[in-house]
Structure formats: C-alpha cells, structure tokens
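Chain A is already provided as a structure; the job is to place chain B on it using the hints.
Residue numbers (our numbering), protein chains in the order written: chain A, 242 to 683; chain B, 743 to 1068.
By construction, these hints were calculated from the structure, which means they are not laboratory data. Quantities reported herein were computed from a predicted structural model and do not represent experimental measurements. Backbone N, C-alpha and C fix where the C-beta goes; we use that ideal spot for every residue, glycine too. A couple of the hints might just be wrong.
Simulated coverage check for chain B against chain A, where a stretch passes if three residues somewhere in it have a Cβ under 8 Å from a Cβ of chain A [what the hints assert, rightly or not]: (1) 753 to 763; (2) 1053 to 1062.
Far from chain A, by Cβ distances over 12 Å, these chain B residues were calculated [said to hold, decoys possible]: (3) Leu804; (4) Ile842; (5) Asn890; (6) Ala906; (7) Asp926; (8) Leu992.
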Amino acid sequence: MLRTFKIGGIHPAANKLSANKEIENLPLPDSITILVAQHIGAPSKVIVSKGDKIKVGQLVATSAGFVSANIHSSVSGTVSKIEMVTDSSGYKKEAIIINVEGDEWDESIDRSPKIVANFDFDAKYISNKIVSCGIVGLGGATFPTHVKLMPPSGMKAKVLIINGAECEPYLTADHRLMLEKGEEILIGTKLLMIALGVEKAVIGIENNKPDAISNITKLSEKYNDITVCALKVKYPQGGEKQLIKAVTGSEVPSGSLPISVGAVVNNVGTTFAVYEAVIKNKPLFERVITVTGKSVKNPSNFLVRLGTPVGNLIEAAGGMPNDVAKVVMGGPMMGKSLTSVDIPVSKGTSGILVVNEKEGHRNEIENCIRCGRCIEACPMGLEPYLLMPLAENKRWDDMESLHIMDCIECGSCTYTCPANRPILDYLRLGKSTVGTIIRNRK
Amino acid sequence: MSKILTISPSPHIHQESSVSKIMQSVIIALIPALIWSFFVFGLPAVLTTLVSVIACVGFEWLIKKYLLKVNPTVSDGSAVLTGILLAMNLPASLPLWIVIIGALIAIGVAKMSFGGLGNNPFNPALVGRVFLLISFPVQMTTWPINNNAVDATTGATPLALIKAGLKSGTPVSDIMKELPTYSDLFIGNIGGSLGEISVVLLLIGFIFMLFKKVISWHIPVSVIGSIFIFTGILWLVNPDQNINPVYHILTGGVMLGAIFMATDMVTSPMSKWGQLIFGVGIGVITVCIRVWGAYPEGISFAILIMNAFTPLINKFVKPKLFGGKQ
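Looking at chain A on its own, in the form it has when it is part of the complex (with noise of 0.2 Å):
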C-alpha cells in the first residue's frame, strides 16, 4: 500500500532522463574552489595558507561552533590563493582555491571496495566521527548532521527516517545510489540508529522508483528494525514534514521540529556518507550529482570531487545547449539559478539543471482570479493567494498570524497559478522579514 501526505501537493512531469545512467566519475577539474560556506551555520575557519601542500581528504577549514562543520579537500595540489569567489547566492563568500597536483589521498583512508557490514561501534564514536569527516545533510539543505542527532533536552528520537523520495523532477543521484550502494546506504542506516539511540529505521522511497524499492527491500530483510515504506509519488513527498506525516502518521505541529513528533530525517546521501566517514575513515568531499536538463545531450550522473566549476560537469554531460535559458543549482521546483558556470559545486548540490528557453519562459503576470488553486496546491495548508498582496503591502503581522513562517518553499503555488503569479518571490520576502522582526523580539 501506498503511503503520502494528505494536505496539498502537486504532480511534475518526472522527466527522470538520467534514470538509468549509473555513476560515472567525474574526472579532475585543473584547481578547485572549496567555499567555507557549505551548510547551514557559521562558517568554518580556514586553516591553510597560499603555497601549503594538500592531500585528498585533508582538513582545510575547521567546524566556528556548535552549528558548523569541517571542510575537506577533495584533491591533492597546492593552494593557491584564498579570496572571495561568487557562490550559489550570488553574493561572494570566502574560498580557498586549490590548484590540482595528481591524486593523492590521505593515507588514514581506506580505499578499499570491501563492505564492512560488521562493526562494535558505540554512538559516541559514530557522533564524533560524523563531526571530524564534516557530514552535513545532503538533501539540499546542508544542515549539520550531528546536530540532528543530539536532541534537545525533554525530547527523545523515537524513529529514524531515511529520506529516498527525491521528489523533485529531473534528479535521480539519491535513486543511482539506491541502486548501486545500497548495502552501504543499509549499513549507514544501522550507524546512524546507534548514534540517535532508536530502535527503528523506516526507509521512504517514492514509487517511481520501483527497482530502487525492490533492491532496498531486499537488502534490508537481515536487519528485522529497519523497513521500507513506499511512497505514492506527488511533490513534495520529500519534504522532511510531508515525509514523517506518511510514513508515521504523524504531523509536526506548526512552528515545531520533527523531533518533537519522534523523528529524526536523514537523506539517503547523507547515510551514505556516513557508512563512508565511520567505516573508511573517509571525510566528505565527494558526492553524487544528477547533470540534466530536455536540451542536454547526455543527462548523467557523476561522482565529483566538491570544488569542481559547474561548468565542467555540463561539458561532461555533453556541452552547454544552444537554447539555454538558466542552469539551475539543484532540481527545478526550489534550486537556485547560477549568475556563471564557474561557480564551484559543494556539499549541497544535487543536481546541475540545464533549463531551456522554451522551459524556463515566465508568461505575463495577469490579475489573481482566485480560483484557489495555489490553496489546494499548498502542502502546509496555508493560503498563497492572500500572503502575496500581504507581502506586497508590507503587512507583516498578518502574515505572522497567517503562519508565513511555516512556508517550506516548495514552489507548489506558484506552479499552479493559471495567472503567472510569482507567489513564492512575495512569499520568501514575507517569511524573510517577518523571521527578522520575530528574532529581534527576543
């Protein structure tokens, strides 16, 4: 039986083109651009300077804080400079910029293939080996993950979910390592029970993933506490509230935290990075990265050494396409569209988009007929259609009362909108604000 939420959500064309691409290595770029600002939190101090040699896997920036993480280099070279570079954002953020001298690795990781499936670890090592390798999450949101595995005092972790829907169309990297590493990601599910003290792990998968379903639940019949549930595909299943409400039942009380219900959300990336951090004393400088898009000659999915410019990736993926309008930084309901494709990919990065002209027009912007579709579209139940003429009259404690701060920015209404609204621009400037006003009241 097929589980999902039961509030809102819309269905994308999948448009899962690189599906059945399995991982290719990305080859190494000339120099890398390793940004301090890869996850949510401080940024991580640098620690290197211009001319230092670097290894793979050597600690170049360390965690500011308790919501912070290492940074590793990816390749082995010599550091060139450290400067401001352009990110994601827009803005400029500190870089450390490596230029590529072979392939050295440190000699503390094991690069041996075998799957170490039996260990005696306790739940203080795997923490701390979590927080020495700089696992963030790698859904997108890059939140700090040992910190996921440290409640706050009075609330306890009563389930694990891993989180294998990738909801968003055009991405398949969390399917190919379904496929492809799914012992690891298994092994990598038991680690992280250890460490959060559960005793039962659920692993959602949607169901247009069938082979990824079948491979997963096999697999996990030897371990009799983690079991897959399979999920009716609709956006955004993947969604860390939509994703505990299908597969418990249970919905986090508007302005909570998942682990207020019990839960504890972890992408399938992020479990496999942990299998890697805690089993070969492998740090986290790589990742799985879907390059796609309907113009691309060959959408792909690789496995790239974080630094590397976007651009290398598309050329890979068979060059940039004559009618590109946008490359998109992850999937094309809620990633960020690039200013250049020199900016580099880091831990957040799950997919490199290529939208085309034809895809990517946004039609003229008509009068809301409030037909009410971005309502039924809305996934937390709010009401886009009345918070966008809030936003645009600045009324801010309305959409405070309105619940803005709910919003997750899943892009639902504005997909839906016959009228071309753009209510997610209102609705991010509303939640953006208001956020402001409510942290200076403390």
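This is chain B only, laid out in the frame that chain A set:
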C-alpha cells in the same frame, strides 16, 4: 560558454495552465446548451448571444483604452464568457438595445469599476441580468415561443405558471396537469431564459468542467442539494400547497445557476467547506424567494446575496493548516 544566463527565483517550471484556458473550458461547456437555444428559439437567440458578446468585449476594450488608459487586452476570454452567460440569462427575444444596456452594466459597473478581472465582488452577468429585470420588468418577463415545446401557445416558464396557479388557489395536483413533463424539463422543451431550459445539456457541461478540473463538485451539489432538501421538507409537510422537490431543481434556472453562475471563481469562497456553506446559503435563499417572495424564481438574487458574504466566509473558514489548530 559565453551565453548569457537568466537569473530568476525558483520554481523554474510551470504547469500548462492559464486564465484563458480556464475561460475556454467554461465556454466549451456552455456550447451544448447554447446550440439548443439556437435550435428552439431560432434567430432571436443567435442575435441576442452575438450582440451580448460583442457588446461585452467592446465595452471592456473601450473602457480599458479610453477611461483607464491601459493596454486594452481582451484576450483572456473573460469578457466573451460574461457575454455568453449574460445572454443565457435573458429571454431570447429581448430587444437588442436592452441587451446592450445589460452588457454595459455587467462589464462597466459590475466588473471594470471594481478593478477588472479578479476584483469584482459580484457575478457580472448576474448583476447585468438583475439590473435589467428591475429596470425592464415587462420585457424581461416576455418569453419567446419554444419551437420544440409540445404546447407552444405561450412561452411562459413553468415556475411562472406555478406561482400564478398557487396565487389563484388552484390545488397543486391540478397545476401539475398543465405543466410540462419531467422529460420536457430534462431535454429543454419548455419556455424560459435562453440558456436555462435544457437540464441534460447543462449537466453535460458540468461533467466536462469536472473532467477538465475547472470547477469542483462542492458548489453545484450544495446548491442543488439544499434546494432539494428544503423544498422536499416543505412538500412533505404540505403537498397541496408545494411543488415536489424534483420539479423545483429541474426548473427556474437552478441548473444554470448552480453549475455556471454560482461557481464563478472570483465571487465564490476559496476553501471547500466555505464553498459548501456558500452553496447551502444560495439554496435556502432561492427557496425562500420562490415560496414566500414576489418573484417566481430567485436563484439570481440568491447568488448575488451570497456573493456579498464570500469575503466573510473566506475570513472565517480557512483551509486545514498542516500541524495543528489555526
């Protein structure tokens, strides 16, 4: 790679939907009933529809260009739809100059003076019809002959005959003998407004719009259902003084009103529960006007009155919030 990249916020894809596509779907849904009116009322129906549509589009264009001084686009199809709906609510033989006045009121007063599409609180076609009914009561209740009607001596609507009969004290069973049969009502072999007479063709339009996901079932079902239940109760209590509920829902523009007029998105509530409340309100008011009011039919007034309540319904009836109480 020297192509210029576009920067715009997510989402970067959009559903294949537009306001004009929605209008087109509604217009297509109206076509069966419209063609039937041309068939049974002849040339007058064609002229009334044409004049109404041209006048509505023309007035919107003129007002936009010369009064509002904005780009006079009429391509979203909403003026065409208002024109057709207005025509469907009028007697097919109405003098054309009165039709034009109706179009001016519908577009100029009910729609453009509030800010155009999306900003009007009242259904424009109904405002036009009700204005004409009150200003030109004789012409608006002079019905043309239905060429397909069995008894084609007068074009009076069934409800008008019922009202007159009840007033003069005739028992219901005698009145019913003089009225068209249920199949006449269903197919449309009766007198009445241009678009209200054929129940089956209007229902076909309803199913088409449901299929195209242009409207949902909530408003039509709650309007028709509440009229049925209310008149049913009255009929059970006093069958000599009240017509049975089936006859009520098949006459007097209930189908046209419930399916095409009350469901106007701009003037109806946003949430599903709000729409049900809206529909029940329309049903109750319609029956009150029919049974105790001076007019034989009341659905136009009922819809306009409930349009006024829509903002209040929207304020208090909210969609279900994820994760808890409002």
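Where does the structure disagree with the numbered hints, that is, which hint numbers, in rising order?
-> As far as the earlier hints go, not one is violated by this structure.
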